[in-house]
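Asker: Read off the chains here:
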Amino acid sequence: MMNTFQFDTTSLLVALPEIFLLSSIVVILLLDLFLTKGFKQVTYYLTQASLLMTGILSYSLIGQPETLIFGDSFVLDDMASVFKVFMMGSAMVAMVYSRHYLTQHDLFRGEYFVLVLLSILGMMVMVSGYSLLTLYLGLEILSLSLYTLIAIARKRSGAIEAALKYFVLGAIASGLLLYGMSMIYGISGSLNISEISAFASDANLASRETLIINFGLVFLVIGIAFKLGAVPFHMWVPDVYQGSPTSVTMFISTIPKIAAVAMLVRLLVDGLGSMHAYWSDLFMILALLSIALGSVVALMQTNIKRMLAYSTISHVGFVMLGFVTGVITGYGAATFYILVYVLMSLAAFGVIILLNKKGFEAEEISDYKGLSKSSPWFALMMLVVMLSMAGVPPFIGFYSKFFILQQVISAGFVTVAIIAVIFAVISAYYYLQIIKSMYFNDAEQELTIAAPMDMKLVLSINATLILVVGLFPDFWMKLALSLF
Amino acid sequence: MVSLSDYLILSAIIFCIGLVGIFVNRTNIITLLMCVELILVAVNTNFIAFSHFLGNEAGQIFVFFILTVAAAEVAIGLAILTLLFRNKGSINVDVTNSLKG
Chain A
0 MMNTFQFDTT SLLVALPEIF LLSSIVVILL LDLFLTKGFK QVTYYLTQAS LLMTGILSYS
60 LIGQPETLIF GDSFVLDDMA SVFKVFMMGS AMVAMVYSRH YLTQHDLFRG EYFVLVLLSI
120 LGMMVMVSGY SLLTLYLGLE ILSLSLYTLI AIARKRSGAI EAALKYFVLG AIASGLLLYG
180 MSMIYGISGS LNISEISAFA SDANLASRET LIINFGLVFL VIGIAFKLGA VPFHMWVPDV
240 YQGSPTSVTM FISTIPKIAA VAMLVRLLVD GLGSMHAYWS DLFMILALLS IALGSVVALM
300 QTNIKRMLAY STISHVGFVM LGFVTGVITG YGAATFYILV YVLMSLAAFG VIILLNKKGF
360 EAEEISDYKG LSKSSPWFAL MMLVVMLSMA GVPPFIGFYS KFFILQQVIS AGFVTVAIIA
420 VIFAVISAYY YLQIIKSMYF NDAEQELTIA APMDMKLVLS INATLILVVG LFPDFWMKLA
480 LSLF
Chain B
0 MVSLSDYLIL SAIIFCIGLV GIFVNRTNII TLLMCVELIL VAVNTNFIAF SHFLGNEAGQ
60 IFVFFILTVA AAEVAIGLAI LTLLFRNKGS INVDVTNSLK G
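Chains as they are written, first to last, in numbering that gives the first Met the number 0: chain A, 0 to 483; chain B, 0 to 100.
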């Protein structure tokens, strides 16, 4: 199968964003060694510049015809390019927020930015991976950087514990995923997604072969569910969210979810799309459990990071529901949902980080009491984010849920849609609880905002986008649909 | 002649030992790392056996990458373990309980 491997220099152009990012990582890592203490900000600005440049390069590749390079193991299509542009944009926002957090808590190190860039490189490889090997390598570049990123707060025992839990469970997840991949490889005789797809959609498939594919498929689904954080493979999510430094929590909760969805699309939709009848049942169970547990357990949390962790779990459930439908519009709705989720999650963690100052983490929900008096503008921003997450119109979070449920109902799963709506209503309670403590409780301590102007500006834009995008949902939904 | 199914059964047994080891083990975190390695070894056995019987080299190349990643993974795992020991003075599984859940 690989005997026709040809190397063509023009194929490098297709992978230009990745190559550029990798080169800038090397340069930034080396340069950071020679920067003296007063000039550490240079690393930050270089990081932003390389993210911007990678984003522009990815943007310039939008609209190219689908191209497979490197022995058909790397794909360039619109989905990959759009995801990459979106990932770069979110990463830039995340870095603006991170800088404030890192400065306040004495964690500002060059390695932080290098590790973030490395994990983004891993995610770009995952988004573009078109063979089991590239998908696995991308996933590992991402995971290994994230473990280290959490442990960067090495004096905090909570962060080390979170890193260890994430490490052990992440390693198990990779092991399960690999075991599934080995089965798929063994039966189809190829690592390439296109060849696996051709094999699996063969009408003359023996029942023995279908059985082995299904055996591998179960392991693939478990591995993906681990990475997405779906119930019952969610054990790491709350602990890692709570223990990690907040800027790292923000990073983990946002961009890697896009990459996980991309991997899901590559493996299960592009590769094993013909096996949809088998994996959609698994997804249905995972999705309903995630929505239910995420909504109910979050009610009892007093730590806002832990609460957002359970909220993530329930959002992931909705994304998986989109894949249950098995139609392109459903996949589009799921993609739209995950991008919207990233936008909302960035803003939510942005407000948490905004309130951070030396020795104050703003982690408890009671820390938000009286925010509306001390800082009405940012209380309003948090209000927008929380209402959007709860799914209140006209915010974008309403439309993302609406599109998913619309697809689920038209696919004939009315009961599932009703269950999902009931739990979405239950989950509104804990979002409203934060709004209540911001607007109707008196402050227990003085809330002052030490954040720099750029962070305030970016956060305001980020939260306003939730409202603005919500006014034109059709345009964005069409964009998400055009990716498939 | 050793058949393909023999290899697959062996690797399935190793895989199960690794997986069960992670969940049963309540003493030492180093054991967890060893169990993770067992899982990867099982996967490698699978890939090599398939690759040999299919007459296709792609699986063996995959194994090289898995070995490399496993080495990097253990390096990071041991580094985290060192930090845990510095913070808590022990590497038993039960010291990792300050985060509820």
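Calculated from the structure, these hints are not laboratory results.
Honestly, I wouldn't trust all of these hints.
Stated by the list, open to error - Pair ranges (Cβ atoms, derived):
#1 B:Thr30 - A:Trp376: 51 to 57 Å
#2 B:Ser89 - A:Leu32: 32 to 38 Å
#3 B:Ala11 - A:Lys357: 28 to 34 Å
#4 B:Glu56 - A:Leu456: 51 to 57 Å
Where a beta carbon is used, it is the ideal one built from N, C-alpha and C, also for glycine.
Asker: Decide, hint by hint, whether the structure agrees.
Answerer: Here is how each hint holds up against the structure:
A beta carbon spacing of about 52 Å between B:Thr30 and A:Trp376 agrees with the range 51 to 57 Å that was offered as a hint. Look at B:Ser89 against A:Leu32: about 34 Å separates their beta carbons, and that is inside 32 to 38 Å. For B:Ala11 paired with A:Lys357, a C-beta distance near 54 Å fails the hint of 28 to 34 Å. A C-beta distance of roughly 54 Å is found between B:Glu56 and A:Leu456, which places it inside the suggested range of 51 to 57 Å.
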